[in-house]
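Protein chains in written order, with my numbering: chain A, 1 to 350; chain B, 1001 to 1289.
If you're looking for bench data, these hints aren't it; they were derived computationally from the structure.
Hints may contain errors.
Derived, one-sided and incomplete: chain A residues facing chain B with beta-carbon distance under 10 Å [claimed, not checked]:
no. : residue
1   : L42
2   : L49
3   : I57
4   : V106
5   : P307
6   : L343
These numbers come from a predicted model, not from an experiment.
For each residue, glycine too, the CB sits at the ideal point set by N, CA and C.
Each chain is listed here by its residues.
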Amino acid sequence: MRLHPRFHLFAKVAAMAAASSQPDIERARKRGFDRAIGPLLLSPSVILLAIFVYGFIGTTVWISMSNWDTAIIDWSIIDPFWKVYDSLFHMTRFQINIRNTLIFTVFFLILAVGLGLTFAILLDRHMPGNALFRNVFLFPYALSFVVTGVAWRWIFNPETGINILFNTLGINWVLEKFGMGPFAPKWITDPRVMGDLGNWLPLPDFIKAQLGFPMAMLPVIIAAVWQLSGFAMAMYLSGLAAISDDVREAASLDGAGTIQLYRDIMIPLLKPITISTLIILGHVSLKIFDLVYAMSGRGPGYATEVPGIFMFDKTFKVLEYNTGAAASVVMLFMVSLVIVPYLARSMKDV
Amino acid sequence: MATTLGRPTPTPTTSKKRFGLGKGIGFAFLVFMLLFYLIPVYVMIVNGLKTADVVSFSRMWELPTKLSTGGYGEAWDKLSRNVMSSVYLVVPATLISGFLGSLNGYILSKWKFRGSDLLFTLMLFGMFIPYQSILIPLIKFLQSIGLYGSIWGLILVHVVYGLPFTTLIFRNYFANVPNELVEAAHVDGAGLLGIFFQIMLPLSIPAFVVVGIFQFTNIWNEFLFGLTVVTNPARQPITVALNNLSGSFSIEWNVVMAGAVLTALPTLLIYIILGKYFVRGIMAGSVKG
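In isolation and in its complexed conformation, chain A is listed as follows (with noise of 0.2 Å):
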């Protein structure tokens, strides 16, 4: 009885699976016109794109390994070839960043995650307000990432914002009480990091950066998870729509309760959405540049800079362009762990 939950979506694919393969047209029936037209009707595109996506990474990557460091372009490679990257790898400042990604982009997806599956499982009942918790939780994702951090810019301001809401509703009149000290945060402007992993860890000498949680980022995760919990949640609500109610009904006549259902059953078959949403969510996270480039920029400290922010004043500003290049390829690395294994597995399903 155990297994009965399952067997129906086992069933589904399996139907799905067999729908999906029949005979392609091409193979029943053959027309040599038509079938040499196809690519080329598709070359445009495919053109465009090797260039503007193939071709560029290419001109990039070769940049990151050449002397261009000025306003006046230079092709010839550098001496030795990996020098922009020593360089980049050595400097505090981009470990830094590399840290405030890394923090970022776990506690992100940890929350936005936790909290999309708690508004699923709670919205996929019976619950009154659905469709208006649903639209509020799922809106912020309409906005631009420059929306969000222009509005939460000010709420998480330390003179201005959250900090008099706090004082209003009397949270530190109470604590005054207590004999606590008033809770006034300073948010984006805190330049504090709290821990250092090099405490616990034989880290090699070059890594310079305090490798513990920077708290100025605390308020740019809860304004990307404000943005994007709705995703994870449509997801997830997708997800638990699909499950067939036979499962529920099959595990509440096996006696499981809600938590029982949801642990044991529901979060299990929903593995797939899960990593599917860790996936996009996460790459987004790694290459993030609109939000932090309008809530905090670079921080205290650079306590929230971020690679892309790096790359843009790297390029832009100082013009060091093979400085830029190399901080680019470096994000493109990491999104790419992500994602190359996400599309590889995706081709091979089609």
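Following the hints, position chain B against chain A.
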């Protein structure tokens, strides 16, 4: 716990459980999060409505004392040219990338050839790259063909980098159109393009709506290309203009908030009016096959 609602909940027939304790806690959590999610909306709308003499940081959370158009008039004066720039950018870029994507998706789903699946995957990769990694060559290229700094250059950029997404949506959509339909038309003597224009395009209205919504939203909201490809501040897209406005110390705060509302409004309206397609697009664009 039903009392948290003030009235008993009408129990839907499919739900056997009553409004129990667990559900009450869940509901309270949702209400709390709802209020949290509305904080930026409140801040933007309310402060945009305040007049310049009333807007001050210490009174950020208070409602405006007197009704006025507040910062909206000034925000429109400052941003209207950029709104028009964005419109001139978004409409052609959406239409062109949508049409090309429908043709690509049709060929890649109904006229597969050797290596077409690999080619499709290689095209898709362009959707995920950080655009910083193509930005320097892109700008040099646009300079060499004389499109740097113009809205036409930006249209070209958005058409090209929109192709992976539009192709994906149409390919997945056309894959669900029965092959028999195409075969029957083929037997009747229709060619590849005839089938596309007479059968597939009329069938693909829902896919066009999804692609239209997402391309409109993506391009309207885009920032990096707008910031780097167009240099004249008066012609930059709205997101760039909003960021400039927000970073300028001479601009009153109510104007910035009104500007944020103005920037958000078009995509928000699309979301409100076409929400169903919006959710459908999220699924179609992320879960493949």
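Here is how each hint holds up against the structure:
no.	hint	in the structure
1	L42	holds (5 Å)
2	L49	holds (5 Å)
3	I57	holds (6 Å)
4	V106	violated (18 Å)
5	P307	holds (8 Å)
6	L343	holds (5 Å)
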